[in-house]
Amino acid sequence: MVVNCEHVWQEVSNYLDGEVDPELRAAMEAHFKECKHCTAVLDGTRNVVRLYGDERMFELPAGFSHRLQRRLAQQSSLSGFQNIRALWIMAVAVVALVVGGVALGNIVFRQPETKSPLAQTPHGIPPNLIVYVSDDSRVFHAPGCKYLHKHDDEPPKQMTASEAMKEGYVPCVRCLRQYLRAEVECPRPFSASHQLARQRSNVSAPPGL
Amino acid sequence: MGSLPQKMSIQVKSADPTEMREQELIRRVQAGEKQFFYELVKPYERRIYSAAFAILRNEAEAEDAAQEAVLKALTHIQQFRADARFSTWLTQIAVNEALMKRRKAHAEIMEPIGEREEDDGTYTPRDFADWREIPSEVLERKEIRQKLADALSALAEKYRKVFVLRDIQHLSIEETAEALGISRASVKTRLLRARLMLRDLLAPGLGGAFFSRLPFEKGTKPW
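As you go down the protein sequences, you meet chains A and B in turn.
The first sequence begins at 1062 in the working numbering and counts up one residue at a time.
The second sequence begins at 19 in the working numbering and counts up one residue at a time.
The set of hints was computed from the structure by calculation and includes no laboratory data.
Be a bit skeptical, because a hint or two may be false.
[Claimed, not checked] Derived lysine to aspartate or glutamate pairs resembling EDC-like cross-links, with alpha carbons at most 16 Å apart:
#: 1; chain 1: A; residue 1: 1097; chain 2: B; residue 2: 155
#: 2; chain 1: B; residue 1: 60; chain 2: A; residue 2: 1067
#: 3; chain 1: B; residue 1: 165; chain 2: A; residue 2: 1115
#: 4; chain 1: B; residue 1: 165; chain 2: A; residue 2: 1120
#: 5; chain 1: B; residue 1: 160; chain 2: A; residue 2: 1120
#: 6; chain 1: B; residue 1: 60; chain 2: B; residue 2: 79
#: 7; chain 1: A; residue 1: 1097; chain 2: B; residue 2: 151
#: 8; chain 1: B; residue 1: 160; chain 2: A; residue 2: 1196
#: 9; chain 1: B; residue 1: 122; chain 2: B; residue 2: 79
#: 10; chain 1: A; residue 1: 1211; chain 2: A; residue 2: 1228
#: 11; chain 1: B; residue 1: 90; chain 2: B; residue 2: 63
#: 12; chain 1: A; residue 1: 1097; chain 2: A; residue 2: 1084
#: 13; chain 1: B; residue 1: 52; chain 2: B; residue 2: 40
#: 14; chain 1: B; residue 1: 122; chain 2: B; residue 2: 151
#: 15; chain 1: B; residue 1: 165; chain 2: B; residue 2: 155
#: 16; chain 1: A; residue 1: 1097; chain 2: A; residue 2: 1120
#: 17; chain 1: B; residue 1: 160; chain 2: A; residue 2: 1115
From just these sequences and the hints, can you work out the full model?
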C-alpha cells in the first residue's frame, strides 16, 4: 500500500490517536521516511497535542478552590433562605385563603335579616307571662289579643313568654306594648310643608340688604 | 443559559474505589446532602477551569465561568444519570458556560479560522522549512501559555470545542462525540482540522508570527 502526501495529511490525526489500521500505519511510516514535509506536519501536530495536553498549560489561579467553596456555601445558604421565604409565603397564602373563604362564605350564605334594626328588644316582658302563638305567624300575643291568628282546626299554642322568645317568636307590638321600651323612635318622613319651611329658614339674605 | 447535557450513555467500565466513592457522593448529593458537592467536584477543578480558559482566554472570566458551571451542576444534579460519567457531564457544562459567556461578550472581532471550512473538505498544512519543536518547558512562562490560549481561541467554535474536550480534557472520541451530540467521524474530522490549524499557527515558533495579526486576519489565510 502506497500513500501520497494528501492522504497522509487527512490521516495524521488518526495516526497519532492510533485510529488507523496496521496496513495504513505501515504505509504512512514508510511515507514519513521519504517526505520531510509530511514528517514536519506529523511532528508539529504531535507537538500541538503535547503542549495543550500538558497540565501546566492551564494552572488554577491561586485561591480558586477557596473561592469556589465560598460560592457554593453562599448558594446553599441562599437556597435555604429562599426555602424559608417560600414556606412563609405559602403559610401566609393559606391563612389569606382561609380568611377570604370564610368572608366570602359569610357574604354568599348569610341569611337575610329577619328583624328590623328598629325592632325593640322585649326585655320588659315577664318571662313567665302566658302567651299564645299560632303556626302561621312568628309573633306571640297576650291572651285575648285580637291580632292572634286563630284557626278552627288548630287552636293557638300556649307557652310562657321566655319559651316563645327562645323559639324565635317576637312580641306583638300591639297587645304587649306596655312591656316594650320606647327607646327607639321610628323616623317619620317630613311632610312637604315642613320641608318647605326648613328650606326657607335656611336661605340667607342677599349681601347688602 | 448554556444547555445542559441531556443524554449520556457512557458506561462506567470499571468499579475502582474512586469511581465507587464518586457514585456514592453523587447519590448522597442527589438525596439532598449538598455539603458533599464540593468533594465531588474537587478532582475536576482544574479540568473545568482549563476548559473555560481555553475558550475565554481570560483568568477572571474563566474562573467565573467555572464557578457558574459548578453551581449549575449542583442545581441540576437530579438530571445527572447514574450510568453517565460525572467528569464528562461537568466538563460539558463548563464548556457550554464558557461558550455562552464568550458569545455574550462578543469577544470575536475577527473571523475565526476555519469558520467557513466544511468538515469533509481537504486541508493543506503549510510547509515550514524552519519548523522547530516547541519544548514543553516553555509552558512555565505565563505569557507563553497566554499565547497558546490565544491561538486556540482563534479557531472556529466547532473545532475548538472538539479540541478542548479531546486534547485538553482528554476525553475519548466516543465521549467527545456523546458530549457534543455529533458522530465519531465528525469528531475525527474536526479534531484533524483543529490540530493542523494550531500546528500552522504555532509552526513559526513562539517568537515568530503565530500570534501576530496576519494568520488571524479575515481574508488573509495562507491556506
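Here is what the structure says about each hint:
no.: 1; hint: 1097(A) - 155(B); in the structure: 26 Å, violated
no.: 2; hint: 60(B) - 1067(A); in the structure: 44 Å, violated
no.: 3; hint: 165(B) - 1115(A); in the structure: 15 Å, holds
no.: 4; hint: 165(B) - 1120(A); in the structure: 14 Å, holds
no.: 5; hint: 160(B) - 1120(A); in the structure: 9 Å, holds
no.: 6; hint: 60(B) - 79(B); in the structure: 19 Å, violated
no.: 7; hint: 1097(A) - 151(B); in the structure: 14 Å, holds
no.: 8; hint: 160(B) - 1196(A); in the structure: 106 Å, violated
no.: 9; hint: 122(B) - 79(B); in the structure: 12 Å, holds
no.: 10; hint: 1211(A) - 1228(A); in the structure: 19 Å, violated
no.: 11; hint: 90(B) - 63(B); in the structure: 14 Å, holds
no.: 12; hint: 1097(A) - 1084(A); in the structure: 21 Å, violated
no.: 13; hint: 52(B) - 40(B); in the structure: 14 Å, holds
no.: 14; hint: 122(B) - 151(B); in the structure: 36 Å, violated
no.: 15; hint: 165(B) - 155(B); in the structure: 15 Å, holds
no.: 16; hint: 1097(A) - 1120(A); in the structure: 35 Å, violated
no.: 17; hint: 160(B) - 1115(A); in the structure: 14 Å, holds
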